[in-house]
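*Asks:* Chain by chain, the residues:
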Amino acid sequence: MEILVCIKRVPDSAAKIKVGADSLSIDPSGVEYVISPYDEMALERALQLKDEQGATVTVVCLGVPAAQKEIRQALAMGADKAIHIKDEGGSRGPLEIAQALSDVIRERPYDMVLFGRQSIDADNSAVGVIAAGLLDVPIVTLVTKLDVADGVATVHREAEAGTEVIEVKLPAAFTAQRGLAEPRYASIKGIMMAKKKPIEELPAPEPRGTLKFEGLEPPAARTAGKIVGEGAKAVPELVRLLRQEAKVI
Amino acid sequence: MSFAVCAILETADGKLKKSAAEVMGEGRRVANALGGNLDAMLIGSDTTALAEEAATLGADRVLVADHADLASFTLDGYLKPCLKGIAASTPKVVILAASVTGKDLAPAIAAPTSSGLLTDVTAIEVVDGAVTAKKPVYAGKATATIGGGSADCVVVTIRPNVFEPAAAEAGRTAPIEALEYAGADGIRTIVKEVLAKASEKLDLTEADIIVSGGRGMKGPENWPVLEKLADAVGGVLGASRAVVDAGWREHEEQVGQTGKTVSPKLYIACGISGAIQHLAGMRTSKCIVAINTDAEAPIFKIADYGIVGDLFEVVPVLTEELVKLRS
Ligand SMILES: Cc1cc2nc3c(=O)[nH]c(=O)nc-3n(C[C@H](O)[C@H](O)[C@H](O)COP(=O)(O)OP(=O)(O)OC[C@H]3O[C@@H](n4cnc5c(N)ncnc54)[C@H](O)[C@@H]3O)c2cc1C
Ligand SMILES: Nc1ncnc2c1ncn2[C@@H]1O[C@H](COP(=O)(O)O)[C@@H](O)[C@H]1O
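Order-wise, the sequence lines are chains P and D.
For the first sequence, counting from 1, position 72 maps to 71 in numbering that gives the first Met the number 0; every step adds exactly one.
For the second sequence, counting from 1, position 134 maps to 133 in numbering that gives the first Met the number 0; every step adds exactly one.
To be clear, the hints were calculated from the coordinates, so they are not data collected in a lab.
Owing to the predicted nature of the structure, the values given are computational and were not obtained by experimental measurement.
Keep in mind that a hint or two might mislead.
Claimed, not checked - Among the chain P residues that face chain D by a calculated CB cut under 8 angstroms, a handful are: (1) Val18; (2) Tyr109; (3) Leu141; (4) Leu169; (5) Leu215; (6) Val238.
Just so you know, even glycine gets a beta-carbon here, dropped at the ideal spot from N, CA and C.
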């Protein structure tokens with residue numbers, strides 16, 4: 000089985016985000032980058048399937064040259080090889096990212112393409128769905144369970160009305176929701192082996208600027224509120240404020 | 000006048016979802032700014048009454064794909080009639096809720112229609128016919144302003160609970176047009192069954208009031224304390240990741256970066272420290288109340304009102320006061 004996992008390099012979820020001097024991008028100083036958490040869950044499930052029934056796991060990343068660090072991390076966790084679509088910069092919306100990824104994926108054999116449910120920087124929840132459309136394969140989003148037998152995947156999808164149990168013939172695409180798998184830590188041996196694993200480097204297409212990034216600003220500041228008081232005796236005043244000042248009850 | 004905006008409305012259990020009124024309200028505003036009409040699109044089964052309701056919410060025309068095979072959502076099943084409707088509408092803006100369904104449909108619509116895509120936005124602006132939106136990025140730690148670009152059409156999903164809903168105007172009518180739908184073919188994902196949710200409560204992202212518990216709750220056996228408060232204010236229960244990881248509560252209740260993003264009118268955080276990943280999911284709430292024993296807890300930095308104290312003393316008294324108010 001051939002499994003492709005699309006991983007994105009993003010600031011760590013605990014990172015403080017400061018807007019850069021250009022008011023368009025973030026100030027990268029002091030920011031730690033990681034594999035986007037949902038992508039890591041997707042990767043973990045791919046590696047589990049490899050352990051359970053044998054598979055080749057390839058990670059695909061469109062990212063700046065420094066994203067090699069996150070790619071090596073994925074290889075250290077156990078991915079077999081990687082494709083790095085090297086992005087020298089420029090902003091890309093989800094359509095352009097999906098286009099670049101699917102153009103590369105289309106050329107290779109695959110049974111499954113896995114994505115995260117959303118990247119934790121752009122927060123679009125879009126790239127997987129668009130890429131699947133461009134590849135003309137079915138996609139199931141928000142997957143919390145993924146099993147494969149005889150070329151058919153059986154998955155759980157976290158829908159609004161409940162958990163949908165879905166069957167789909169491969170090849171197909173999936174986006175990982177929390178619960179799918181808890182990412183493993185890379186072992187020392189894994190880190191050593193990763194150094195020898197192949198990373199295929201491809202140039203990224205020129206950004207087309209389909210969306211125009213016009214600015215980045217800190218979120219609307221929440222005026223630090225007031226401590227109404229201590230303990231249960233502060234409750235009447237809280238209720239009064241909620242009714243008369245905030246008017247929410 | 001041509002159609003400037005096509006609003007795609009969601010249904011659940013035979014009713015329009017709350018987000019439908021928000022999509023219509025913002026759809027009308029954008030259509031006016033663009034100087035065009037507003038289409039509403041409905042996909043489902045048994046939608047006649049809902050189409051009439053969409054007209055009362057301000058639609059100038061209602062496009063309907065109605066078929067027994069469309070009773071529940073699949074991307075393959077819904078995408079086809081959606082694209083038909085958009086071809087009939089030729090709008091400048093397609094607007095949907097940034098819900099589970101909207102997040103599947105919007106990107107799937109954008110690519111084949113060569114449209115721009117703006118997701119989970121909290122404000123839309125139209126200047127000289129060009130659409131620009133504000134969108135939280137980095138889990139709400141920054142806000143980006145993004146223009147729809149050069150495409151003829153932009154697909155926009157709006158964050159639930161943020162936009163002004165359209166008020167229903169009784170007796171208002173609009174032409175209702177059926178979109179041809181021949182029935183399920185080419186649905187590649189087969190839904191075998193739907194496992195019931197742990198609770199039948201309203202979806203967190205649509206709730207007006209959320210009562211959320213964290214590790215300060217000490218254990219799952221103490222949740223009745225919060226349930227009583229939620230009942231008293233007509234709220235829905237939320238949770239921090241710490242208590243979901245501990246197995247005290249279900250993941251569907253988790254608020255935060257790896258849970259749900261919510262914007263209720265009132266968010267009451269009980270025994271939640273306010274980690275950056277938790278704040279990511281609730282900082283756009285209109286009013287935040289925190290109850291925590293630790294006066295230094297970061298949650299107080301973003302809370303509108305805080306009480307420093309033991310939640311097991313404070314919450315029951317708060318519940319009592321609110322019950323008194325109701326009666
Ligand atoms: C990649 C990543 C993603 C994450 N995603 C999320 C997410 O989506 N959502 C999320 O919530 N977290 C998330 N986290 C976890 C987050 O960092 C915190 O660990 C978590 O939010 C802490 O939960 P808590 O506030 O319940 O617990 P704690 O931080 O342990 O806080 C408990 C609080 O309860 C107070 N307390 C104790 N006893 C009482 C009492 N009797 N009365 C009143 N107050 C009391 C304490 O003072 C303390 O402030 C994520 C972390 C990572 C690394
Ligand atoms: N630059 C990228 N390189 C590889 N995969 C990506 C990239 N951007 C997004 N993805 C994938 O698409 C998913 C959804 O991203 P997004 O639409 O940005 O929320 C992510 O979780 C990744 O799996």
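*Asks:* Hint by hint, say whether it matches the structure.
*Replies:* Against the structure, the hints:
Hint status for Val18/P relative to chain D: holds, with the closest Cβ pair at about 6 angstroms, below 8 angstroms. A hinted interface residue such as Tyr109/P counts as satisfied when its beta carbon comes closer than 8 angstroms to some beta carbon of chain D; here the least separation is about 16 angstroms, so the hint is violated. Hint status for Leu141/P relative to chain D: holds, with the closest Cβ pair at about 7 angstroms, below 8 angstroms. Taken as an interface hint, Leu169/P does not check out: its beta carbon lies about 11 angstroms from the nearest beta carbon of chain D, beyond 8 angstroms.
With 8 angstroms as the threshold, the beta carbon of Leu215/P comes within range of chain D, its nearest partner Cβ sitting at about 5 angstroms, so the hint holds. Contact between Val238/P and chain D, as hinted, is supported at the beta carbon level, the nearest pair being about 5 angstroms apart and thus within 8 angstroms.
Against the hints set out earlier in the document, violations occur for numbers 2, 4.
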